[in-house]
Amino acid sequence: MDAIILQILNGLDKGSAYALIALGLTLIFGTLGVVNFAHGALFMIGAFCAVTLNRLLTLSHQVVDETRTDFLGNPLKVDVPYVQDIFGEVTGAAIIDWSVPLAILFSIPIMIGIGVIMERGLIKHFYKRPHADQILVTFGLAIVLQEIIKQIFGANPIPTPAPDVFRGSFDFGTMLGFDPNVIIYPYWRLVYFGFAAIIIGAVFAFLQFTTFGMVVRAGMADRETVGLLGINIDRRFTIMFGLAAAVAGLAGVMYAPINSPNYHMGMDFLVLSFVVVVVGGMGSLPGAVLAGFLLGILESFASMNEIKSILPGIDQIIIYLVAIIILLTRPRGLMGRKGVMED
Amino acid sequence: MSKTTLTRRGVLRTGAVAGAGVALPTIFTASSARAFTNEPTGGSVTLGFNVPQTGPYADEGADELRAYELAVEHLNGGGDGGMLQTFSSKALEGSGILGKKVEYVTGDTQTKSDAARASAKSMIEKDGAIMITGGSSSGVAVAVQGLCQEAGVIFMAGLTHSNDTTGKDKKANGFRHFFNAYMSGAALAPVLANAYGKDRKAYHLTADYTWGWTQEESIKAATEALGWETVEAVKTPLAQTDFSSYIAPVLNSGADVLVLNHYGGNMVNSLTNAVQFGLREKQANGKNFEIVVPLFSRLMARGAGENIKGILGSTNWHWSLQDEGTKAFVKSFGTKYGFPPSQAAHTCYVQTLLYADAVQRAGSFDPCAVAEALEGYEFDGLGNGPTLYRAEDHQCFKDVLVVRGKENPTSEFDLLEVVEITPRGQVEYAADHPMFAGGALGSCNPGV
Numbered sequence: 001m002d003a004i005i006l007q008i009l010n011g012l013d014k015g016s017a018y019a020l021i022a023l024g025l026t027l028i029f030g031t032l033g034v035v036n037f038a039h040g041a042l043f044m045i046g047a048f049c050a051v052t053l054n055r056l057l058t059l060s061h062q063v064v065d066e067t068r069t070d071f072l073g074n075p076l077k078v079d080v081p082y083v084q085d086i087f088g089e090v091t092g093a094a095i096i097d098w099s100v101p102l103a104i105l106f107s108i109p110i111m112i113g114i115g116v117i118m119e120r121g122l123i124k125h126f127y128k129r130p131h132a133d134q135i136l137v138t139f140g141l142a143i144v145l146q147e148i149i150k151q152i153f154g155a156n157p158i159p160t161p162a163p164d165v166f167r168g169s170f171d172f173g174t175m176l177g178f179d180p181n182v183i184i185y186p187y188w189r190l191v192y193f194g195f196a197a198i199i200i201g202a203v204f205a206f207l208q209f210t211t212f213g214m215v216v217r218a219g220m221a222d223r224e225t226v227g228l229l230g231i232n233i234d235r236r237f238t239i240m241f242g243l244a245a246a247v248a249g250l251a252g253v254m255y256a257p258i259n260s261p262n263y264h265m266g267m268d269f270l271v272l273s274f275v276v277v278v279v280g281g282m283g284s285l286p287g288a289v290l291a292g293f294l295l296g297i298l299e300s301f302a303s304m305n306e307i308k309s310i311l312p313g314i315d316q317i318i319i320y321l322v323a324i325i326i327l328l329t330r331p332r333g334l335m336g337r338k339g340v341m342e343d
Numbered sequence: 344m345s346k347t348t349l350t351r352r353g354v355l356r357t358g359a360v361a362g363a364g365v366a367l368p369t370i371f372t373a374s375s376a377r378a379f380t381n382e383p384t385g386g387s388v389t390l391g392f393n394v395p396q397t398g399p400y401a402d403e404g405a406d407e408l409r410a411y412e413l414a415v416e417h418l419n420g421g422g423d424g425g426m427l428q429t430f431s432s433k434a435l436e437g438s439g440i441l442g443k444k445v446e447y448v449t450g451d452t453q454t455k456s457d458a459a460r461a462s463a464k465s466m467i468e469k470d471g472a473i474m475i476t477g478g479s480s481s482g483v484a485v486a487v488q489g490l491c492q493e494a495g496v497i498f499m500a501g502l503t504h505s506n507d508t509t510g511k512d513k514k515a516n517g518f519r520h521f522f523n524a525y526m527s528g529a530a531l532a533p534v535l536a537n538a539y540g541k542d543r544k545a546y547h548l549t550a551d552y553t554w555g556w557t558q559e560e561s562i563k564a565a566t567e568a569l570g571w572e573t574v575e576a577v578k579t580p581l582a583q584t585d586f587s588s589y590i591a592p593v594l595n596s597g598a599d600v601l602v603l604n605h606y607g608g609n610m611v612n613s614l615t616n617a618v619q620f621g622l623r624e625k626q627a628n629g630k631n632f633e634i635v636v637p638l639f640s641r642l643m644a645r646g647a648g649e650n651i652k653g654i655l656g657s658t659n660w661h662w663s664l665q666d667e668g669t670k671a672f673v674k675s676f677g678t679k680y681g682f683p684p685s686q687a688a689h690t691c692y693v694q695t696l697l698y699a700d701a702v703q704r705a706g707s708f709d710p711c712a713v714a715e716a717l718e719g720y721e722f723d724g725l726g727n728g729p730t731l732y733r734a735e736d737h738q739c740f741k742d743v744l745v746v747r748g749k750e751n752p753t754s755e756f757d758l759l760e761v762v763e764i765t766p767r768g769q770v771e772y773a774a775d776h777p778m779f780a781g782g783a784l785g786s787c788n789p790g791v
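Chains as they are written, first to last, in my numbering: chain S, 1 to 343; chain R, 344 to 791.
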């Protein structure tokens with residue numbers, strides 16, 4: 001029982017990341033009709049926004065400490081961050097400690113900017129081209145972005161810790177009447193789940209309750225008619241691309257403390273997120289979220305030792321297996337609409 | 344459609360020319376000592392540095408390349424000479440190898456066996472490399488070693504820790520200075536018993552490829568011999584990045600030690616996940632829960648940040664050692680690049696010196712003469728104390744370092760502290776040990 005609860009928690013957490021990425025993918029696909037293989041790279045860039053802010057905040061000047069020596073026996077040069085010079089030692093240290101949450105604010109304009117440049121500069125030219133061309137160009141773009149990040153930050157993962165208060169884990173077991181230390185879950189992963197829920201809620205509210213969202217939804221349903229009504233749907237779609245990029249970026253920022261960011265983390269998530277989108281139903285936002293959590297939990301269960309001892313290797317294929325079954329029985333995915341990708 | 348006409352005279356003529364062509368090389372070689380692949384003829388000799396320049400181990404590859412450049416500089420008489428000053432053999436004089444200036448070409452292994460073979464092949468065939476060295480993965484080392492054996496050049500392995508490199512996949516043209524999984528187990532086990540007691544239940548997470556398997560086997564054997572019990576050993580895919588679903592079952596498995604047979608990005612992520620799940624604060628079976636990372640690397644430790652503090656592991660070499668060889672190497676590397684070298688850099692630098700020295704002593708670049716000079720060779724002054732290149736399997740035997748993640752690092756390089764230097768005698772094994780059985784060294788191949 002305790003193991004099952006743990007895996008559900010685990011699945012919710014993984015599902016949050018899948019859902020956030022799939023949400024952005026679906027937004028782009030639904031509005032622009034483009035299959036964006038560079039979406040994983042946006043997630044990765046988001047994580048590197050957190051790394052970058054951390055680097056900026058820890059930019060230091062060196063002070064020579066005569067009492068200590070470095071590895072060559074010369075007087076040790078101690079790095080003192082400029083932030084601590086400006087705000088004092090305690091406040092400065094606190095700002096550095098909170099660099100990941102601060103990176104949320106830092107990353108939004110950057111991600112929207114990258115999204116808009118990507119759409120206007122490249123993807124716009126591929127609207128009328130076949131899906132295969134779109135996949136090729138966005139996949140190529142993803143590789144280019146990945147290589148740029150590797151050039152700047154190197155190939156190894158870069159630790160980006162969460163604020164100190166979120167270190168450690170929460171003991172669910174004692175709440176539910178289990179022994180202590182049986183069902184524990186890291187605080188930051190709980191924060192991630194809550195954060196994902198807020199972002200998903202915000203995106204839905206935005207599309208549901210604002211005029212802008214209404215126009216976008218109308219455009220998703222019938223782009224031509226909305227255009228004929230005199231609404232500049234292109235500009236709104238560009239903004240949607242920027243927003244989708246921001247959602248992926250925020251997912252990446254908050255993910256940085258969970259797994260140290262590296263340049264290929266986007267690709268790791270991209271393939272699974274596509275499966276999530278397809279299972280959820282191409283173009284369906286609730287479908288993407290639902291499928292994200294569903295597949296996250298399934299993946300967690302499949303990696304339980306009890307299940308693997310019966311079906312070895314099941315954890316590696318479970319998602320694809322489920323995808324095949326769902327697509328065979330419901331070819332449009334869980335919540336897919338008629339007419340999408342069927343032209 | 345073309346028509347082919349065969350005449351008796353034509354066939355005879357072609358046969359005679361072809362026969363002469365086939366006989367030609369033997370006519371020449373009969374008079375000289377023996378021909379071998381890429382015999383250097385001019386005033387220079389070319390070495391091939393095959394390191395991961397892209398892919399997940401690119402940072403290690405970059406450090407290896409720095410070490411190679413430094414080694415070439417020292418061999419040609421530049422810089423401060425580094426470990427040439429402390430090396431027990433005095434055959435090298437800083438005038439290149441056998442008077443020939445050392446030049447080099449580089450290849451990118453990408454940490455993929457096929458790419459590594461292709462780049463090694465190109466360096467041998469196009470650039471005329473007389474020796475191939477480098478790499479940061481056992482999969483790659485085994486693949487490139489096989490290629491060098493076929494091509495008839497010497498392979499001086501870089502960072503490779505799988506037992507198989509000098510076990511079932513050993514080759515007469517291949518040599519490994521780096522230690523291996525068996526040695527890690529043998530060195531770690533007594534320290535683990537001291538620190539955590541003999542009544543422990545271990546849970547292994549293992550990277551699912553040649554190195555992971557041999558490491559798990561070695562650590563299991565060494566700890567079970569102490570009285571530890573292995574509760575579960577789970578293989579994890581090499582491409583895995585989030586290990587939370589593998590870590591969660593550990594909590595309630597009854598284990599009180601987690602052994603992470605992971606390297607590189609795998610190690611950083613699995614360790615980070617394990618710490619996030621509170622394993623280090625956990626109590627199990629009335630004891631503190633412990634994590635062990637049998638193969639440590641400083642470059643990886645940097646990736647794991649705070650999480651490695653207090654964790655035990657082993658390493659081939661560490662820059663903070665105080666012997667003369669280490670001090671000389673750290674000084675010249677640190678002065679040139681501004682930071683201390685990694686264990687990958689160290690093993691690559693040493694391998695280059697050892698090769699050059701063997702050529703110098705043999706008086707020939709002939710791979711078979713070089714191999715003979717390396718086999719059974721005892722040396723010192725290269726940072727690991729007295730070391731033997733065993734003739735039977737071409738594995739170096741030397742002291743092994745047991746290290747621990749430092750609690751209060753003074754700099755970003757000062758991440759590991761040496762807990763114990765396990766003497767060579769304790770990590771030695773018979774050449775026909777079952778963990779290394781299955782392959783044969785064969786005989787050296789000079790190529791051509």
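Simulated from the structure, these hints should not be mistaken for laboratory data. Keep in mind that the hints are not guaranteed to be accurate.
[To be verified] Simulated DEER-style distance windows between Cβ atoms:
{"hint": "1", "chain 1": "R", "residue 1": "G681", "chain 2": "S", "residue 2": "A197", "range": "53 to 59 angstroms"}
{"hint": "2", "chain 1": "S", "residue 1": "I135", "chain 2": "R", "residue 2": "P766", "range": "54 to 60 angstroms"}
{"hint": "3", "chain 1": "R", "residue 1": "S387", "chain 2": "S", "residue 2": "R129", "range": "16 to 22 angstroms"}
{"hint": "4", "chain 1": "R", "residue 1": "K444", "chain 2": "S", "residue 2": "N74", "range": "31 to 37 angstroms"}
{"hint": "5", "chain 1": "S", "residue 1": "I198", "chain 2": "R", "residue 2": "V761", "range": "44 to 50 angstroms"}
{"hint": "6", "chain 1": "R", "residue 1": "A461", "chain 2": "S", "residue 2": "H131", "range": "31 to 37 angstroms"}
{"hint": "7", "chain 1": "S", "residue 1": "R68", "chain 2": "R", "residue 2": "E721", "range": "34 to 40 angstroms"}
{"hint": "8", "chain 1": "S", "residue 1": "P312", "chain 2": "R", "residue 2": "D542", "range": "39 to 45 angstroms"}
{"hint": "9", "chain 1": "R", "residue 1": "G782", "chain 2": "S", "residue 2": "P312", "range": "36 to 42 angstroms"}
{"hint": "10", "chain 1": "R", "residue 1": "G768", "chain 2": "S", "residue 2": "T91", "range": "51 to 57 angstroms"}
{"hint": "11", "chain 1": "S", "residue 1": "D164", "chain 2": "R", "residue 2": "P383", "range": "29 to 35 angstroms"}
For every residue, glycine included, the Cβ atom is placed at its ideal position computed from N, Cα and C.
Comparing the hints with the structure gives:
no., hint, result
1, R:G681 <-> S:A197: 53 to 59 angstroms, "violated (46 angstroms)"
2, S:I135 <-> R:P766: 54 to 60 angstroms, "holds (59 angstroms)"
3, R:S387 <-> S:R129: 16 to 22 angstroms, "violated (53 angstroms)"
4, R:K444 <-> S:N74: 31 to 37 angstroms, "holds (33 angstroms)"
5, S:I198 <-> R:V761: 44 to 50 angstroms, "holds (48 angstroms)"
6, R:A461 <-> S:H131: 31 to 37 angstroms, "holds (33 angstroms)"
7, S:R68 <-> R:E721: 34 to 40 angstroms, "holds (39 angstroms)"
8, S:P312 <-> R:D542: 39 to 45 angstroms, "violated (31 angstroms)"
9, R:G782 <-> S:P312: 36 to 42 angstroms, "violated (28 angstroms)"
10, R:G768 <-> S:T91: 51 to 57 angstroms, "holds (56 angstroms)"
11, S:D164 <-> R:P383: 29 to 35 angstroms, "violated (59 angstroms)"
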